[in-house]
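Novice: Each chain is listed here by its residues.
Number of protein chains: 2
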Amino acid sequence: MRVSTKARHAITAMMHLAAHNGRGPLTLSDIAQVQGMSLSYLEQLFSRLRKHGLVNGVRGPGGGYCLAMSPAEISMAQIMDAVDDRSPAERERFFAAYRPGTRGEAHDMWHDFSKRLYDFLADLSLQEFIRSQQAQVGTRRASRTGVELHAAC
Amino acid sequence: MRVSTKARHAITAMMHLAAHNGRGPLTLSDIAQVQGMSLSYLEQLFSRLRKHGLVNGVRGPGGGYCLAMSPAEISMAQIMDAVDDRSPAERERFFAAYRPGTRGEAHDMWHDFSKRLYDFLADLSLQEFIRSQQAQVGTRRASRTGVELHAAC
DNA sequence: GTAATACTTGACTAATTTGCTTGGGAAGAT
DNA sequence: ATCTTCCCAAGCAAATTAGTCAAGTATTAC
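As you go down the protein sequences, you meet chains Y and A in turn.
For the first sequence, position 108 (counting from the first letter as 1) is numbered 1158 according to my numbering, and the numbering increases by one without interruption.
For the second sequence, position 149 (counting from the first letter as 1) is numbered 1199 according to my numbering, and the numbering increases by one without interruption.
The set of hints was computed from the structure by calculation and includes no laboratory data.
Keep in mind that this is a model prediction, so the values were computed, not measured.
Beta carbons: idealized from backbone N, C-alpha and C, even for Gly.
You may find that some hints are simply not true.
Claimed, not checked - Pairwise CB distance ranges, derived in the manner of DEER restraints:
#  : chain 1 : residue 1 : chain 2 : residue 2 : range
1  : Y       : D1173     : A       : K1101     : 28 to 36 Å
2  : Y       : G1113     : A       : M1119     : 50 to 58 Å
3  : A       : Q1177     : Y       : A1122     : 31 to 39 Å
4  : A       : R1109     : Y       : Q1094     : 46 to 54 Å
5  : A       : G1107     : Y       : A1139     : 42 to 50 Å
6  : A       : R1136     : Y       : A1139     : 29 to 37 Å
7  : A       : D1173     : Y       : G1154     : 24 to 32 Å
8  : Y       : E1178     : A       : Q1094     : 36 to 44 Å
9  : Y       : A1139     : A       : E1093     : 15 to 23 Å
10 : Y       : R1141     : A       : Q1083     : 45 to 53 Å
11 : A       : Q1083     : Y       : S1079     : 51 to 59 Å
12 : Y       : K1165     : A       : S1164     : 17 to 25 Å
13 : A       : E1093     : Y       : G1154     : 33 to 41 Å
Generate coordinates for the entire structure from the input sequences, incorporating the hints supplied.
Specialist: Written as structure tokens, this is what we have:
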């Protein structure tokens, strides 16, 4: 449960996006203000979230960031891996490199544990934590009230 | 899943004890050697595990450490809390201090998440990872083959 | 064009954590 | 008595984390 504060920042920021999902992009300045953290630090985190395909950036006035997938498709494990810059391939290799019985019983047990923990986090999506109704609209349902939403959102 | 390396050392050491449970104490030197870490560092970790009531130390020749409870009663969360010196009271306060809706939606969502994660780890006992049969004997069944086991084990 | 905003890079710092050493006890088996 | 083992505390070097500051470039709405 000891999750790094970096991961905490990233997760709460992603939760902001999830709660705002379907209602256009959010600027990092907004998120930084609400979460009480520096803009540049948040930029670093989002740079990684973007590289790992979890968010889309929209430039220009009215731009910002939004989720690249529906909240149901984004897991806690994905967010943590992204901010720590672990690719899915690396993650795979970590578990694949393991051969039971090669380094003692406790080592096997440790591996079982970390696998169980990872599976738990990989199975826990942003969707699970959304409570407000309006946030749960379909991902791409652009509002038709005169202005078209950004294509990426 | 990002668990600190300190926690990893503590957990694997506890797994060693669990796998050896009911067969007398294990010395820290043995564990340090198997895990490839320094004795004094391990001593520091066990000092905390002992203060938090998870292990018993037995001094003198033939001594060592053993679990203070059955593996089924020791959770991953307990081990992590112990080695980071968080008392159950502190842990309680952390969750009790929370009032939904006071600091924004994302904050509530974060709290839900950390609670879920903690509950998961609190529900995961050492017992779950023990595979070898002989390690699962009853906690206090001293072997009667001439030598009496230490009272604490 | 201009303003707003994302995006990029790099250097830099402060605090914390990690892993370990040293140097001692204290208790118990033999 | 001696040896083995736990027990305790102070301190330290390296690494990592968390964060700021600065100085730009790119893209788009208007």
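Novice: Does each hint hold? Answer for all of them.
Specialist: The hints, checked one at a time:
1. Y:D1173 <-> A:K1101: 28 to 36 Å: Given range 28 to 36 Å: holds, Cβ gap about 35 Å.
2. Y:G1113 <-> A:M1119: 50 to 58 Å: At 56 Å between Cβs, range holds.
3. A:Q1177 <-> Y:A1122: 31 to 39 Å: Check passed, 33 Å falls within 31 to 39 Å.
4. A:R1109 <-> Y:Q1094: 46 to 54 Å: Once the Cβ atoms are compared, 50 Å apart, the range 46 to 54 Å for Q1094 of chain Y and R1109 of chain A holds.
5. A:G1107 <-> Y:A1139: 42 to 50 Å: Since the Cβ atoms of G1107 of chain A and A1139 of chain Y sit about 44 Å apart, the hinted range of 42 to 50 Å holds.
6. A:R1136 <-> Y:A1139: 29 to 37 Å: Hint holds: Cβ distance 35 Å, inside 29 to 37 Å.
7. A:D1173 <-> Y:G1154: 24 to 32 Å: Holds, since D1173 of chain A and G1154 of chain Y (Cβ atoms, about 26 Å apart) stay within the stated range.
8. Y:E1178 <-> A:Q1094: 36 to 44 Å: holds (38 Å)
9. Y:A1139 <-> A:E1093: 15 to 23 Å: This hint is violated: roughly 39 Å between Cβ atoms.
10. Y:R1141 <-> A:Q1083: 45 to 53 Å: Check failed, 30 Å falls outside 45 to 53 Å.
11. A:Q1083 <-> Y:S1079: 51 to 59 Å: holds (54 Å)
12. Y:K1165 <-> A:S1164: 17 to 25 Å: holds (21 Å)
13. A:E1093 <-> Y:G1154: 33 to 41 Å: Violated, since E1093 of chain A and G1154 of chain Y (Cβ atoms, about 21 Å apart) do not stay within the stated range.
Hints 9, 10 and 13 from the earlier list are contradicted by this structure; the remaining hints agree with it.
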